[in-house]
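Protein chains in written order, with the working numbering: chain B, 1 to 247; chain R, 1 to 82.
By construction, these hints were calculated from the structure, which means they are not laboratory data. Just so you know, these numbers come straight off a predicted model, no measurement behind them. Among the clues, some could well be false.
[Claimed, not checked] Below, simulated BS3-like cross-link-like pairs (lysine-lysine); rule was C-alpha separation at most 30 Å, straight line:
| no. | chain 1 | residue 1 | chain 2 | residue 2 |
| --- | --- | --- | --- | --- |
| 1 | B | Lys143 | B | Lys234 |
| 2 | B | Lys207 | B | Lys25 |
| 3 | R | Lys27 | B | Lys234 |
| 4 | R | Lys51 | R | Lys62 |
| 5 | B | Lys207 | B | Lys234 |
| 6 | R | Lys27 | R | Lys62 |
| 7 | R | Lys27 | R | Lys51 |
| 8 | B | Lys207 | B | Lys237 |
| 9 | R | Lys18 | B | Lys143 |
| 10 | B | Lys25 | R | Lys27 |
| 11 | B | Lys25 | B | Lys143 |
| 12 | B | Lys237 | B | Lys25 |
| 13 | B | Lys237 | R | Lys18 |
| 14 | R | Lys27 | B | Lys237 |
| 15 | R | Lys18 | R | Lys51 |
| 16 | B | Lys143 | B | Lys207 |
| 17 | R | Lys62 | B | Lys143 |
| 18 | R | Lys18 | R | Lys62 |
| 19 | R | Lys27 | B | Lys143 |
| 20 | R | Lys51 | B | Lys237 |
| 21 | B | Lys143 | B | Lys237 |
| 22 | B | Lys234 | R | Lys51 |
| 23 | B | Lys207 | R | Lys27 |
[Claimed, not checked] For the chain B half of the interface with chain R, some residues (derived, Cβ under 7 Å), not all of them:
| no. | residue |
| --- | --- |
| 24 | Thr126 |
| 25 | Glu176 |
| 26 | Asp180 |
| 27 | Asp181 |
| 28 | Ala185 |
| 29 | Lys234 |
Ideal Cβ positions, reconstructed from N, Cα and C, are used throughout, including at glycine.
One-letter residues, chain by chain:
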Amino acid sequence: MNDEQLLRYSRQIMLPDVDIDGQEKLLAARVLIIGLGGLGSPVAMYLAAAGIGHLVLADFDTVDLTNLQRQIAHTSARIGVNKAVSAARSLRELNPDIVLDCIETILDAENLAEQINHADVVVDCTDNFATRFAINAVCVAAKVPLVSGAAIRLEGQVAVFDARTESSPCYRCLYEEDSDDATCAANGVLAPLVGIIGSMQALEAIKLICGFGTGLTGRLLLLDARHMQWREMKLPKDQQCPVCGTP
Amino acid sequence: MIRVVFFAQLREQLGTAKLDVSIERVKTLSELKQHLSLQNPSWESALANTKLLVAINHAYVKGNHALADGDEVAFFPPVTGG
Chain B
1 MNDEQLLRYS
11 RQIMLPDVDI
21 DGQEKLLAAR
31 VLIIGLGGLG
41 SPVAMYLAAA
51 GIGHLVLADF
61 DTVDLTNLQR
71 QIAHTSARIG
81 VNKAVSAARS
91 LRELNPDIVL
101 DCIETILDAE
111 NLAEQINHAD
121 VVVDCTDNFA
131 TRFAINAVCV
141 AAKVPLVSGA
151 AIRLEGQVAV
161 FDARTESSPC
171 YRCLYEEDSD
181 DATCAANGVL
191 APLVGIIGSM
201 QALEAIKLIC
211 GFGTGLTGRL
221 LLLDARHMQW
231 REMKLPKDQQ
241 CPVCGTP
Chain R
1 MIRVVFFAQL
11 REQLGTAKLD
21 VSIERVKTLS
31 ELKQHLSLQN
41 PSWESALANT
51 KLLVAINHAY
61 VKGNHALADG
71 DEVAFFPPVT
81 GG
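Using the sequences provided together with the hints, build the complete structure.
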């Protein structure tokens, strides 16, 4: 690290859990953020600010006026701009020290596998079950840790699925592949909720890269923001799981 | 006694955060759902959602499951938004 980097990251290098070693791991890491909406905005901003050396931002959608109430990486002036590109502009201003790649198309199976295989951590900030199941399946096959967050209305969930650990469950252990999504467009979502869940995803990604603390692997955290109550449940691996179970 | 807890949107939909059911009436998770739906017909569709998350004593369970006296059964709505 040069002097400017030592100064820029000094407040987290100061933490014994991070230190110089941890900051170097962060600078050397490549994180794939899929979805640059409500969750992806704070995830990308915190990971950029913290000095993740290489962020790959994937989103095929464009910024819409209705996004700006909560998707804080975007601006009014960038309505109509691709969300990965728009987020990259905010991140560039935040931290010129990191590498940013944008993927503006829908990730097909081949591209998804290639991107996940190159990532140290994948952060799922998407908004539908089909994409979440597809990301999960590749992460399990590639043994890349997945930080999963979801938020709608006044409720959110966050979990880590780490296929590097034999006993870790995967996203498919949690949900069956057989029903429809509830969308923010139809159900609404309160702005700071996605900030809370996204910030926790960013924090778990940093812990995975630096390798400190107790991660969320095998646990699911649930937030009821209307009553500001958290719940935690143990999430065991489903031995019969069609994705990660033993055949 | 089984302590039943509803979280987030389910709590609002069903209009209650928690209730108790006698273990004499329900021996399994499926029986508990049936019992709750019979007692409160308007709850049936919410409880029939296959993506509903269920935790018994703070541990996630899939499918049917035996219940024991003193268990806490918590129901959570699925969340996918991002």
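Task: Hint numbers not upheld by this structure, sorted from lowest to highest - done: 9, 10, 19, 23, 26 and 28
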